[in-house]
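Peer 1: All residue numbers for the sequence shown refer to the working numbering, where the first residue is 1 and numbers rise by one.
For the record, the hints were derived by calculation from the structure and aren't laboratory data.
Don't be surprised by glycine CBs; every beta carbon is placed ideally from N, CA and C.
Among these hints, one or two may not hold up.
Label-pair restraints from in silico Cβ distances [said to hold, decoys possible]: (1) Gln190 to Val124: 23 to 29 Å; (2) Val124 to Gly34: 37 to 43 Å; (3) Gln99 to Met198: 24 to 30 Å; (4) Phe150 to Arg107: 45 to 51 Å; (5) Met76 to Leu112: 42 to 48 Å.
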Amino acid sequence: MIGHFMKAAAQLDDPRLRRVLWLSIFLSLLIFIGLWTGLGTLATVLPLDAIPGVAWLRDALGSAFDWLAGFLFAGMLLLLTLMLFPAVITVIVGFFLDQVADAVEARHYPGLPPPRAVSLSETVASSLRFALVTVVVNLLVLPLYVLLIFLPPLNLVLFYLVNGYLVSREYFELVAQRRLDPQTAARLRQQYRGRLQMAGVLLTLLMTIPLVNLLTPIVGTAFIVHVFHGLQARRGA
């Protein structure tokens with residue numbers, strides 16, 4: 001896994017990936033700036049005093065209430081960003097998957113036959129479906145995140161395991177279906193689900209590191225391309 005990841009990171013200087021890299025960073029920032037702006041606007045127009053207890057709390061805390069409200073709002077933004085980042089990044093991957101995979105295969109796996117024709121609409125539809133599943137699953141697990149907030153290692157372990165599974169499944173299927181039919185790709189994923197879970201946890205970890213997470217659409221796709229071909233070679237052997 002480490003070897004595959006190092007090869008993926010080393011290819012960031014590939015001219016074929018530079019344009020894709022900057023476009024993916026731009027789209028990631030654009031989506032989250034829109035999200036933050038929308039939530040900030042929503043917070044200013046919501047009648048907070050209509051919520052039971054808020055008016056009393058404002059009177060009791062005085063000027064400290066605004067500080068506390070700002071702190072809670074920033075925490076909510078951070079939590080939402082953390083929860084939504086895997087979904088957003090995977091949607092972005094759908095737009096650039098073929099370009100990244102072609103560049104990786106041209107450098108490291110020359111002589112391969114042309115990949116299967118997978119339409120952009122099919123890829124994007126799969127990515128959007130994954131984004132919806134990721135948001136729903138994280139919302140369902142949110143009470144456990146909150147419950148385990150007093151046991152910091154456990155809530156992080158749960159987050160990385162849940163999203164590692166989701167991310168590894170979607171990335172691998174997007175990459176594998178370029179070379180295999182969907183049924184064979186699914187069987188390969190099931191056969192090596194432990195290794196793919198590890199790969200997904202690594203990608204999810206990257207998605208939670210500021211600035212590094214902006215590189216994840218490219219590095220993550222390249223990494224899974226190497227993982228896929230490694231598993232194919234292992235299966236063939």
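Peer 1: Would you mind marking each hint as holding or not holding in the structure?
Peer 2: Evaluation of the provided hints:
Distance hint check: the CB atoms of glutamine 190 and valine 124 are about 25 Å apart, consistent with the given range 23 to 29 Å. Restraint check, valine 124 to glycine 34: a C-beta distance of roughly 18 Å breaks the suggested window 37 to 43 Å. Checked against the given bound of 24 to 30 Å, the beta carbons of glutamine 99 and methionine 198, roughly 26 Å apart, stay inside it. One distance hint, 45 to 51 Å for the beta-carbon pair phenylalanine 150 and arginine 107, holds here, with the actual separation near 48 Å.
Distance hint for methionine 76 and leucine 112: a CB-CB separation of about 46 Å, consistent with the stated range 42 to 48 Å.
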